[in-house]
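Peer 1: For reference, the chains in residue letters:
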Amino acid sequence: MDTVVLAQQLTNGLVNGMTYVLIATGLTLVFGVLHIINFAHGEFYMLGAFFTYFAAKLLGLDYISAAVVATLGVAVLGILANRLFFWPLRREHEFTVLLSSLGLALLLTNGGELLFGADPKYVNSPFADNVVEVGQLVVTQQRVLIFGVGAVVLVLLYLFIKHTRVGKMMRATAQNPEGAALTGVNIRFVYTVTFVLACGLAALAGALVGPTAMIFPTVGSWAVLKGFIVVILGGLGSIPGALIGGLLLGVVESLAGGYISLGFAQAIGYAIIIGVLLWRPQGLFGTARRA
Amino acid sequence: MGRYFPLVAVAVAIVLPLLTTNTYFHHLLVLWMLFSLLALSLNVIIGYIGELSFGHAAFFGIGAYVAAILGMHTGLPGVVELILAAVIAGAFGFAIGYVALRIVGPQFAILTLGFGSIIYTITNYWVDLTRGPMGISNIQPLSVSGDFLALTGARGYYYVTLFFVVAFAYACYALMSSRTGRAFIATRENAPLASSLGIDVFRMKLLGFVVATAVAGVGGALYAHYLTVVTPDVMSLQYMAALIIMVIVGGRGTIAGPIIGALIYVGLLEALRAVGPMRLVIFAALLTLSVIFLPGGIVSLWKRWFGESEAAPRPAEEGGAS
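These protein sequence lines map, in sequence, to chains V and B. Per full-length UniProt numbering, residue 1 is the first one in the first sequence, and the count goes up by one each step. Per full-length UniProt numbering, residue 1 is the first one in the second sequence, and the count goes up by one each step.
The set of hints was computed from the structure by calculation and includes no laboratory data. Every residue, glycine too, gets a C-beta built ideally from N, C-alpha and C. Incorrect hints may appear among the rest.
Stated by the list, open to error - Short, incomplete list of chain V residues facing chain B, as computed with Cβ under 8 Å:
| hint | residue |
| --- | --- |
| 1 | 179 |
| 2 | 225 |
| 3 | 266 |
| 4 | 270 |
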């Protein structure tokens with residue numbers, strides 16, 4: 001086996017994996033803190049990519065500013081989504097919340113198709129065409145950016161949850177919402193912050209990945225599926241699980257795509273889930289209610 | 001109405017296509033019945049087992065592809081094809097249910113979504129067997145053998161599908177009023193308590209899941225023969241969502257609910273055809289509003305307005321659609 005090709009595949013896999021991690025972290029955060037499965041999560045990824053495209057095109061911003069504007073814009077949309085689709089249903093059955101998020105997902109996908117058009121678009125980035133060479137490895141600057149920004153954001157998120165007051169409120173809510181509310185935690189504020197973080201992370205992933213692939217309004221359903229695979233693999237609600245699951249999925253897909261076939265790589269993520277679940281139904285790091 | 005409601009409903013359903021010779025109207029009726037069959041089978045999982053399955057469209061797709069592939073390579077009679085579609089879809093249901101039903105709640109929903117996506121992906125990429133995204137076309141009409149009693153018109157398919165809907169609806173009704181049905185409800189309402197009463201919860205759920213998936217397979221085979229073309233799109237996320245919408249908007253855990261839900265789905269999409277791409281946005285908005293403001297589905301309106309008078313046709317309602 002050619003080691004250079006192998007190293008190249010591993011690098012590509014880690015970069016793809018990092019985007020899965022960014023998507024899955026938001027998904028797992030919303031589940032871990034609020035016990036909500038957000039089907040519309042992928043749509044915020046899609047919006048992140050499209051907002052970057054339009055911020056660059058309509059406002060004339062450079063790529064970095066456009067990505068920042070898009071991320072902040074979608075994070076603000078997260079407040080709205082929470083206010084309209086999740087917060088009012090917090091006492092309802094979990095099906096109701098799940099279906100409400102499914103409704104939001106359909107609304108955003110079809111609304112996006114109406115507003116943005118169904119034809120694919122390309123996000124321009126100055127980093128997309130330049131490459132970094134490390135030995136015989138060749139990586140585009142955009143991919144280095146994806147990995148670097150992803151890693152920095154995850155460290156910041158970890159510090160935020162671990163050490164800030166708001167982070168402590170989130171952890172308290174995750175453990176016991178009623179108890180947290182009794183001790184004076186503003187649950188409504190925690191909902192808002194969690195959705196802002198989750199939607200912002202998804203949008204950031206969209207803004208970063210946009211230049212490496214075509215974007216179209218239905219890309220969100222792809223993103224949410226990858227996110228679900230990762231969180232099932234790592235364990236719902238576990239951030240370390242999202243990190244390891246995401247990187248693992250990226251690497252395995254890349255190796256399967258390189259050595260077996262691209263079509264097979266799409267299915268292998270699901271095959272991994274089945275294997276893991278037969279062995280550990282709660283995922284690698286998670287807990288699940290068993291029948 | 002009362003206890004005669006089901007008989008009246010069936011009589012109306014039999015007369016309905018005779019009222020017009022408009023084939024477009026007949027086409028809509030066939031779609032309504034096909035979706036009713038699917039929604040009723042999904043209702044077994046959502047309403048009776050109490051789990052949300054996002055993989056149901058995949059079993060529908062398996063049934064459709066079984067019929068299409070068998071029709072392409074063998075000259076099997078239509079009846080045998082329908083049975084094989086049921087058996088193969090049910091076998092997949094067994095394998096998937098065996099893995100997924102060990103988990104409950106949101107994780108089950110995601111897992112079934114994953115399985116549905118595996119089957120969708122395989123259908124898309126296994127070009128040798130399924131012709132990939134192009135799909136299989138020129139599927140022969142449903143017949144007893146060769147050209148003997150071949151079904152060509154929409155009206156014929158309507159009656160065949162109606163037969164399956166009525167038979168399956170009656171089976172659901174009979175099941176729910178039997179000992180096994182009460183075991184189902186006990187399992188849905190409180191699984192630990194049910195198992196303490198000696199009910200094998202896992203077996204109960206698996207049984208329901210396999211029956212539901214086998215019926216979805218029959219629906220798929222009928223669909224393939226009726227439209228004469230199948231593509232992997234029948235298993236897409238859009239369809240999976242649509243099926244769930246029908247059951248929830250109509251009223252889960254009831255027999256009339258999924259049938260009404262299918263009618264609303266088919267009717268609404270046709271009625272909104274004029275507004276173009278906007279229709280799916282309107283549709284999604286309606287879904288969301290109905291989930292938020294009417295969690296019990298349309299059927300619960302009846303209950304709200306007429307109180308007790310609806311008891312007879314929907315015995316499965318007991319325990320409520322929580």
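Peer 1: Now tell me, hint by hint, if it's right for this structure.
Peer 2: Hints, verified against the model:
no.: 1; hint: 179; result: 21 Å, violated
no.: 2; hint: 225; result: 6 Å, holds
no.: 3; hint: 266; result: 5 Å, holds
no.: 4; hint: 270; result: 4 Å, holds
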